[in-house]
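2 protein chains.
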Amino acid sequence: MARKAAIIGGGVIGGGWAARFLLNGWDVAVFDPDPEAPRKVGEVLANARAALPALSDGPMPPEGALTFAGTITEAVEGADYIQESVSERLDLKHRVFAQIQQVAPDTPIGSSTSGFKPSELQQNAANPSTIFVAHPFNPVYLLPLAEVVPSAVSNPALIEAAKETLREIGMFPLHVRKEIDAHIADRFLEAVWREALWLVKDGIATTEEIDEAIRMGFGLRWGQMGLFETYRVAGGEAGMKHFMAQFGPCLQWPWTKLTDVPEFNDELVDLIAGQSDAQSGHHTIRELERIRDRNLIGFLRVLKERNWGAGKVLLDHDARRRAAMPVPVPGDGPMECARMTVLPGWIDYNGHMTESRYLFAASETSDAFLRHIGADIAYVGTGFSYYTAETHIMHLGEAKLGDALTGTVQVLAADEKRLHIFIRILKDGQPVATLEQMLLHVDMSKGKTCPAPRAILDRVAPIAAAHAALPKPEAAGRHVGRKG
Amino acid sequence: MARKAAIIGGGVIGGGWAARFLLNGWDVAVFDPDPEAPRKVGEVLANARAALPALSDGPMPPEGALTFAGTITEAVEGADYIQESVSERLDLKHRVFAQIQQVAPDTPIGSSTSGFKPSELQQNAANPSTIFVAHPFNPVYLLPLAEVVPSAVSNPALIEAAKETLREIGMFPLHVRKEIDAHIADRFLEAVWREALWLVKDGIATTEEIDEAIRMGFGLRWGQMGLFETYRVAGGEAGMKHFMAQFGPCLQWPWTKLTDVPEFNDELVDLIAGQSDAQSGHHTIRELERIRDRNLIGFLRVLKERNWGAGKVLLDHDARRRAAMPVPVPGDGPMECARMTVLPGWIDYNGHMTESRYLFAASETSDAFLRHIGADIAYVGTGFSYYTAETHIMHLGEAKLGDALTGTVQVLAADEKRLHIFIRILKDGQPVATLEQMLLHVDMSKGKTCPAPRAILDRVAPIAAAHAALPKPEAAGRHVGRKG
Numbered sequence: 000m001a002r003k004a005a006i007i008g009g010g011v012i013g014g015g016w017a018a019r020f021l022l023n024g025w026d027v028a029v030f031d032p033d034p035e036a037p038r039k040v041g042e043v044l045a046n047a048r049a050a051l052p053a054l055s056d057g058p059m060p061p062e063g064a065l066t067f068a069g070t071i072t073e074a075v076e077g078a079d080y081i082q083e084s085v086s087e088r089l090d091l092k093h094r095v096f097a098q099i100q101q102v103a104p105d106t107p108i109g110s111s112t113s114g115f116k117p118s119e120l121q122q123n124a125a126n127p128s129t130i131f132v133a134h135p136f137n138p139v140y141l142l143p144l145a146e147v148v149p150s151a152v153s154n155p156a157l158i159e160a161a162k163e164t165l166r167e168i169g170m171f172p173l174h175v176r177k178e179i180d181a182h183i184a185d186r187f188l189e190a191v192w193r194e195a196l197w198l199v200k201d202g203i204a205t206t207e208e209i210d211e212a213i214r215m216g217f218g219l220r221w222g223q224m225g226l227f228e229t230y231r232v233a234g235g236e237a238g239m240k241h242f243m244a245q246f247g248p249c250l251q252w253p254w255t256k257l258t259d260v261p262e263f264n265d266e267l268v269d270l271i272a273g274q275s276d277a278q279s280g281h282h283t284i285r286e287l288e289r290i291r292d293r294n295l296i297g298f299l300r301v302l303k304e305r306n307w308g309a310g311k312v313l314l315d316h317d318a319r320r321r322a323a324m325p326v327p328v329p330g331d332g333p334m335e336c337a338r339m340t341v342l343p344g345w346i347d348y349n350g351h352m353t354e355s356r357y358l359f360a361a362s363e364t365s366d367a368f369l370r371h372i373g374a375d376i377a378y379v380g381t382g383f384s385y386y387t388a389e390t391h392i393m394h395l396g397e398a399k400l401g402d403a404l405t406g407t408v409q410v411l412a413a414d415e416k417r418l419h420i421f422i423r424i425l426k427d428g429q430p431v432a433t434l435e436q437m438l439l440h441v442d443m444s445k446g447k448t449c450p451a452p453r454a455i456l457d458r459v460a461p462i463a464a465a466h467a468a469l470p471k472p473e474a475a476g477r478h479v480g481r482k483g
Numbered sequence: 000m001a002r003k004a005a006i007i008g009g010g011v012i013g014g015g016w017a018a019r020f021l022l023n024g025w026d027v028a029v030f031d032p033d034p035e036a037p038r039k040v041g042e043v044l045a046n047a048r049a050a051l052p053a054l055s056d057g058p059m060p061p062e063g064a065l066t067f068a069g070t071i072t073e074a075v076e077g078a079d080y081i082q083e084s085v086s087e088r089l090d091l092k093h094r095v096f097a098q099i100q101q102v103a104p105d106t107p108i109g110s111s112t113s114g115f116k117p118s119e120l121q122q123n124a125a126n127p128s129t130i131f132v133a134h135p136f137n138p139v140y141l142l143p144l145a146e147v148v149p150s151a152v153s154n155p156a157l158i159e160a161a162k163e164t165l166r167e168i169g170m171f172p173l174h175v176r177k178e179i180d181a182h183i184a185d186r187f188l189e190a191v192w193r194e195a196l197w198l199v200k201d202g203i204a205t206t207e208e209i210d211e212a213i214r215m216g217f218g219l220r221w222g223q224m225g226l227f228e229t230y231r232v233a234g235g236e237a238g239m240k241h242f243m244a245q246f247g248p249c250l251q252w253p254w255t256k257l258t259d260v261p262e263f264n265d266e267l268v269d270l271i272a273g274q275s276d277a278q279s280g281h282h283t284i285r286e287l288e289r290i291r292d293r294n295l296i297g298f299l300r301v302l303k304e305r306n307w308g309a310g311k312v313l314l315d316h317d318a319r320r321r322a323a324m325p326v327p328v329p330g331d332g333p334m335e336c337a338r339m340t341v342l343p344g345w346i347d348y349n350g351h352m353t354e355s356r357y358l359f360a361a362s363e364t365s366d367a368f369l370r371h372i373g374a375d376i377a378y379v380g381t382g383f384s385y386y387t388a389e390t391h392i393m394h395l396g397e398a399k400l401g402d403a404l405t406g407t408v409q410v411l412a413a414d415e416k417r418l419h420i421f422i423r424i425l426k427d428g429q430p431v432a433t434l435e436q437m438l439l440h441v442d443m444s445k446g447k448t449c450p451a452p453r454a455i456l457d458r459v460a461p462i463a464a465a466h467a468a469l470p471k472p473e474a475a476g477r478h479v480g481r482k483g
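Chains as they are written, first to last, in numbering that gives the first Met the number 0: chain A, 0 to 483; chain B, 0 to 483.
These are computed hints drawn from the structure, not numbers from a lab.
Any given hint could be a false lead.
Not close to chain A: a few residues of chain B, all C-beta gaps over 12 Å, as computed [claimed, not checked]:
| # | residue |
| --- | --- |
| 1 | Pro-37 |
| 2 | Ala-160 |
| 3 | Ile-290 |
| 4 | Ala-318 |
Covered stretches of chain A, as calculated for chain B (at least 3 residues, CB under 8 Å) [stated by the list, open to error]:
| # | region |
| --- | --- |
| 5 | 66-80 |
| 6 | 136-149 |
| 7 | 165-175 |
| 8 | 219-230 |
| 9 | 389-399 |
For glycine and all other residues, C-beta sits at the position ideal for the given N, C-alpha and C.
Given these sequences and hints, build the entire structure.
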């Protein structure tokens, strides 16, 4: 049975949490007295549905059920996890926790607070040990970071379980060991924000110039290495000490304005809002959200290909899901080898899956088949591999963004050196493309074909024998342009 | 004739400048009294050669000539542009400028200084009007940002010409209109660095935890939108004013430690260097550089696909180069339609170009052919397009990272609805793959074939007629697995 998360507060952050839980198969109950909450949560969920599946290389679990509760009591009833994302007012948060704990005194309560310490959140609580900080970053459905901050009275086992819950929904729980105002990340954001307000106020730079100064330079660096690793590399072989010796003294220079806080008045607000309109006003917020999400998906997939940083979180999440899935067993028909989702990067300017991605999907399918018969990456490491010599493709249908595709393999013929296979790329059970391929077993060091080893041939033989009984596909043996 | 850049100071930053100029076809003379400078510059150049071409979708220009000069005078002689990247000491920089201006009083001199204002750099100079800040970001050969800061006595025409030079080598010159210590970006870096030192010193977080707090969250955001655009989106439809009203008062909170500077002593250096070793010490600096560069290439290509942020700079740079290149003219043989470089993302675990990328290269080739006959993106926008119905691929050779590939098209047959073409993907003039394709002209709204318009057919006809005289390729009409 699906587990249940209660989301208290249904704004952009609460909506993001709801989307993450739902798309990872949890049921979600949202409480927010704002009558607009269902619309707002629905919009975030629509964004998330268009984005989060593009990060996964396996099928998504069935989406959980979303309900809107009339009261906090109703929302948290039977919940396995509660996330609070109401406005940043301590008295309000205290009232919410009190109501929750009247009916759910033992359930973990994560707070999305940017600034409050867990010991402040826990004040006067019926059960302070279940309340902790779980601070996410917008868009919550894409960015993996959640700062998890316990206090001295927190229940360590409950904190570990909560971190495991966050991993299950694809997040990266960063355990902050010592509580502090604004945790870690927002201290940096606050320092940058304050400095940026000065630069605008003093007329040094506009909002647009500041944004370019960030995203054309250090912003790109920080998506994949943080501050210290970046500087370690900059220090070169001499290392971190050298870097610090070189730049340490600069701290004494009058570089930052930070001994003072700019006066926050209407004039400053108007100045910044006006510049921001000039910079970004030609896009609606919805457009900017889509642009941002597509960029983030691209970055995250780049990191996933490299098993680095946030990409490692995604790969671990896939592996965790895969371990929970049944392993496909070869049956009597063509063998199901791969399940894929059409990703944003697979789409051409027609809005369809781009031509070469059909061959890519076939490669994913044949790679899985080769792994199944023992010709996996470890085998390639020994200097042997199957190479594709020849392919014939029939384009029979169109796949679009988000479509679920299945790849099947039918063995047409096999001998010691050759594997003659027929791949179907199916959407809703119907082929959108078929690919006939001749694979040759190759000694890579000699660049020549050679017989495959007995271990592989013994795995191919029963599949080939079973497939010999299947009807030969009409497209097999066809050449380009043959009539009918 | 190639233009010449003089690079004064051959460390990581000077080497990065040298690499950018060289790979964009400029000759470069480096002056650095350090006998290790040629080795150091050589290492940066090797990194750049492995990285920068992967951002280009056209052929790179012939690399310029690199020389090491024995004196500043020799280095700057005949230079069109001079970039100074010596240590961050004002007296040293003044001496360098004085020596340069003895022989090259009118040549633009950009300084890589992180902190000094241009008016400080210009003090006592023979010709202050040519000296300005051109502050880059490491790795200089990948990150586009260069902060260009003139002073009141700078020559505006010279500054504009210098910005044009920076654009020519693929950079994004950000004109900082008002000089200030540390310009713009480094004020933020300084604020974050200072705060990070406090967090480590106070035992709140380790260097690794701080880096995760950055790269799992806001770092990813800042690679594609800066501070203000990100917050604008977070503010939702209510906009920037709403966001500021919500978070403005937080400025008064005790979130940052920035009223004070941590004491910079051996203890702090050891603490940070030790944590950094524990975090990243299992990678060498060379490995970290390669990891960083591959990640940045990935991010930059994601943005390039979307014509956004730093990716727009890359597209503009390609367009600028393309405009300077001769347009290929259809000749008597198969028509050369595309030139491509095998990029890191095209490589599989065998170290070879991955199977589906041969079809991708063919699509690039056929797309260029379709553009040539008038079936371009604008035409697709009218609701008609050529779809590939069928493809036969022969894999004949192997392409590897960095290989230059050419795609040619031979028209086998053409009628009102059908284009039967034969594509060769060539490396050093030899085919690594051939692809026979049947393209159908489609009315996209009806999902049915229909005759192509006269304008397109008129462009196809002479090519088809010329190609009718060519020998029919052996692989045309072949089906998979045919003997011989």
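Going through the hints against the structure:
Every CB of chain A lies more than 12 Å from the CB of Pro-37(B), the least distance being 16 Å, so the non-interface label holds. With a minimum CB-CB distance of about 21 Å to chain A, Ala-160(B) clears the 12 Å threshold, and the non-interface call stands. Against chain A, the non-interface label of Ile-290(B) is violated: not every CB pair exceeds 12 Å, the least being about 6 Å. Under the 12 Å C-beta cut-off, the non-interface status given to Ala-318(B) relative to chain A holds; the minimum distance is some 18 Å.
With a threshold of 8 Å between beta carbons, the proposed coverage of the region 66-80 of chain A by chain B is violated, since 0 of its residues qualify and at least three are required. Evaluation of the coverage hint for the region 136-149 of chain A: fulfilled, as 6 residues show C-beta separations to chain B shorter than 8 Å, against a requirement of three. Residue count for the region 165-175 of chain A with a Cβ under 8 Å from a Cβ of chain B: 3. That meets the three needed, and the coverage hint holds. Against chain B, the region 219-230 of chain A contributes 11 residues with a C-beta closer than 8 Å to a partner C-beta. That satisfies the three-residue criterion, and the hint holds.
Coverage of the region 389-399 of chain A by chain B holds in this model, with 6 residues showing a Cβ closer than 8 Å to a Cβ of that chain against a need of three.
In summary, the structure is inconsistent with hints 3 and 5 from the numbered list given earlier, while agreeing with the others.
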